[in-house]
Amino acid sequence: DTAVSQTPKYLVTQMGNDKSIKCEQNLGHDTMYWYKQDSKKFLKIMFSYNNKELIINETVPNRFSPKSPDKAHLNLHINSLELGDSAVYFCASSHPFSPLHFGNGTRLTVT
Amino acid sequence: DAKTTQPPSMDCAEGRAANLPCNHSTISGNEYVYWYRQIHSQGPQYIIHGLKNNETNEMASLIITEDRKSSTLILPHATLRDTAVYYCIVLANFGNEKLTFGTGTRLTIIP
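Listed in order, the protein sequences are those of chains A and B.
So for the first sequence, this note's numbering puts the first residue at 617; every next one is plus one.
So for the second sequence, this note's numbering puts the first residue at 371; every next one is plus one.
Source of the hints: derived by calculation from the structure; they are not laboratory data.
Check before you lean on any hint, since a few could be wrong.
[Claimed, not checked] Partial list, derived from the structure: chain B residues whose beta carbon lies under 7 Å from chain A:
#1 412
#2 413
#3 414
#4 416
#5 471
Quick caveat: nothing in here was measured; it's all calculated off a predicted structure.
Every residue gets a Cβ at the ideal spot worked out from N, C-alpha and C, and that includes glycine.
Using the sequences and the hints given, assemble the complete structure.
What follows is the structure, encoded as structure tokens:
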């Protein structure tokens, strides 16, 4: 009965590859997010979607493309992976004006 | 959003109350104080939030000073499972879209 689930939990890949991280929430929330936590543990928002519509797009390289096939899913596609993309990526969801519920993260390692 | 200042680390004995301070001297009148925590290898977890009145829920209590320039999160009976990094965040209008995490306080519960 996981509320916000991400797959995979770990992802190891080589530079230049294209990879995807999937996120699903079963809370009925309208808004979903992607956050990135770097090696210094700073957690920063990347994207926000509300009812499948992009709301926030922070200064993120266009190699990163979120895709929301429906309200319960927000997947993150990353093209041409670089070493600096190594981080933990967190998906989250919320109702409007309510606290965020986070998944347990996907640790991406680019070699 | 206003910035917050938290001690980098704190220890607390198991079973005792853990009091985590946060300074937010530049907080605006419409900004709420939110607390999240991140247990190792997990996503951030919402704890509590408030505007100007003290708040209590099943997890913690939040004490906000009258001038709103600082607050204290209280875990009344700390357990080992409360060991985590605790983040104090100020944010306007309930909106979580720009939820930005600082460095937080690493709380260690000592057996």
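Hint check:
no. : hint : in the structure
1   : 412  : holds (5 Å)
2   : 413  : holds (3 Å)
3   : 414  : holds (5 Å)
4   : 416  : holds (4 Å)
5   : 471  : holds (4 Å)
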